[in-house]
Amino acid sequence: MLSETFYKLWNAGILQRGVWETIYMTVISTAISYVIGLPLGVVLNITDREGIYPIPWFNRLLGMIVNFFRSIPFIILMVAMLPVANFIVGTSLGNKAMIVMLVIAASPYIARMVESSLKEVNAGVIEAAQSMGANNFQIVTKVLLPEAKPSLIMGAVISMVTILGYSAMSATIGGTGLGQIAISYGHQRFNPDIKWICVFLTVIIVQIIQEVGTAVAHRTDKRITK
Amino acid sequence: MIEIKNLCKTYSSASGNVEALRDINLTIEDGEIFGIIGLSGAGKSTLVRCINLLERPTSGSVIIDGQDITVLPRPELLKMRRSISMIFQGFNLLEQRSVLRNVTFPLEISGVKGQAAKLKAMELLKVVGLEEKAAAYPAQLSGGQKQRVAIARALASDPRYLLCDEATSALDPNTTRSILELLRSINEKMGVTIIVITHEMKVIDQICDRVAVIDQSRIAESGRVSDVFANPQSQIARELILPQDRTAIETSGGKKIRIIFDGMQSKEPVISNMTLDCQVPVNIMFADTKDFDGIVYGHMIIELPTDAHQAEKVIAWLKNSDVKWKEED
Chain A
1 MLSETFYKLW NAGILQRGVW ETIYMTVIST AISYVIGLPL GVVLNITDRE GIYPIPWFNR
61 LLGMIVNFFR SIPFIILMVA MLPVANFIVG TSLGNKAMIV MLVIAASPYI ARMVESSLKE
121 VNAGVIEAAQ SMGANNFQIV TKVLLPEAKP SLIMGAVISM VTILGYSAMS ATIGGTGLGQ
181 IAISYGHQRF NPDIKWICVF LTVIIVQIIQ EVGTAVAHRT DKRITK
Chain B
1001 MIEIKNLCKT YSSASGNVEA LRDINLTIED GEIFGIIGLS GAGKSTLVRC INLLERPTSG
1061 SVIIDGQDIT VLPRPELLKM RRSISMIFQG FNLLEQRSVL RNVTFPLEIS GVKGQAAKLK
1121 AMELLKVVGL EEKAAAYPAQ LSGGQKQRVA IARALASDPR YLLCDEATSA LDPNTTRSIL
1181 ELLRSINEKM GVTIIVITHE MKVIDQICDR VAVIDQSRIA ESGRVSDVFA NPQSQIAREL
1241 ILPQDRTAIE TSGGKKIRII FDGMQSKEPV ISNMTLDCQV PVNIMFADTK DFDGIVYGHM
1301 IIELPTDAHQ AEKVIAWLKN SDVKWKEED
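Chains A and B supply the protein sequences, listed in that same order. Numbers 1 to 226, taken from this note's numbering, label the letters of the first sequence in order. Numbers 1001 to 1329, taken from this note's numbering, label the letters of the second sequence in order.
Wrong hints could be hidden among the right ones.
[Unchecked claim] Here are the simulated PhoX-like pairs of lysine-lysine, each with C-alpha atoms no more than 20 Å apart in a straight line: (1) A:Lys142 with B:Lys1079; (2) B:Lys1202 with B:Lys1256; (3) B:Lys1133 with A:Lys222; (4) A:Lys142 with B:Lys1118; (5) B:Lys1120 with B:Lys1133.
If you're looking for bench data, these hints aren't it; they were derived computationally from the structure. Since this is a predicted model, take the numbers as computed values, not measurements.
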């Protein structure tokens, strides 16, 4: 029975640990990925031909690098980047190493998300700031990022859900969390109940991220009049 | 004073070069309201963006208060821009900032913060009549209110010049009138020199002292509004002043005469005198007159009878009078 299996796993503390590890990996990876991806997205936006500081050749080069990482399927990227994880965190096993993989995979993705959010900012508003004598740093920090905030939050929600999906995949090479429980307890021991319990818990986590994120984006968006 | 000298702007694209501005020469005096009128695509938006160097001219110079700003290093240019504010057709308010914080925005850029900035912004919101909207967000305002906020914001840096790029084109006629009145009072009370870009003659009519008519990237003519309005020299000025569908007026084939009111005959009933003296009926096809400081300027187009004798009689009468007139084709 499904509920019996659930209680068994719950009482053994396995599910709680799985949920916690999944959330932990997702949140930490998203945060670190934004530290890298956000500035990268800003640079991609402003150095574009239409941007406030156009450097076309540099923009093209950076775009190519970002596309390169984005075009490698995560499962292959993970295996290929094991030595990199080893170099950065001293191990190629466990969640620490997985977070490195997730950051490598998610940062370019987030950079593109940020770039497209910033592109939505009305060019007229940027022109107005320029006409007031704002420098490029002020335009980025006082116009581009604040004006794109609701769109950036929605982008973060999508990125976070994607990273959660990746984190489950990392179970194949030593990551932990719900993905690992589904694979080692469910798939490898022929217990479909456990698989479905993990799916169910993942769905709940994704729903919570999505709902909370959407509510925050909505609440902070001053374009919406109540 | 703003002097624009031999200004040219050429855009190069894959399909060839586009000359947006050709040899523009203009002088805008301190304290005046200067209009730049032209059809869309004539180059007027490019011209106004060359004044604060949002667009870099290909050649020529823009001299503001004796300083050629095209040679200024970037930090100096950014500082100079604070004395040349700009408002836009699309208002361009920061949507995620309250009205108050929109007005304090230029102050923030120049390093004025906190209470001082807030007080200044409230004072300016009072000038534009929106102090009770300080906490509102742009999305909650009407078009006219948004433009008022934009004006308050433009004034926050104590500019000497205010550039208005089609600032009323998105507004209805009543709102347009009130915004133009506000601009005029700002010009009078604060001594801000205003440069108005528009495609609408009525905007020029209502607030400008002088006007330049721009057509196909060149200045077609310029001068006092009353002079240009009373006696437009260029084809484009005539098109802008006279109604577009002039050719659609049906005529019975008689000679057409344009009578020009340039302030001389404002009290004289010219048409009545003419018909009574000549005993010839004339057909008024078009009339547009405006009151400038109590003097009438404008045009009227009349059609003479097809009968040659009667037409001669009227023309003879006109020749003898001091009325300004011109035979139209």
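Here is how each hint holds up against the structure:
no.: 1; hint: A:Lys142 with B:Lys1079; in the structure: holds (18 Å)
no.: 2; hint: B:Lys1202 with B:Lys1256; in the structure: violated (25 Å)
no.: 3; hint: B:Lys1133 with A:Lys222; in the structure: holds (14 Å)
no.: 4; hint: A:Lys142 with B:Lys1118; in the structure: holds (17 Å)
no.: 5; hint: B:Lys1120 with B:Lys1133; in the structure: holds (15 Å)
Checked against the numbered hints given earlier, the structure breaks only hint 2 and satisfies all the rest.
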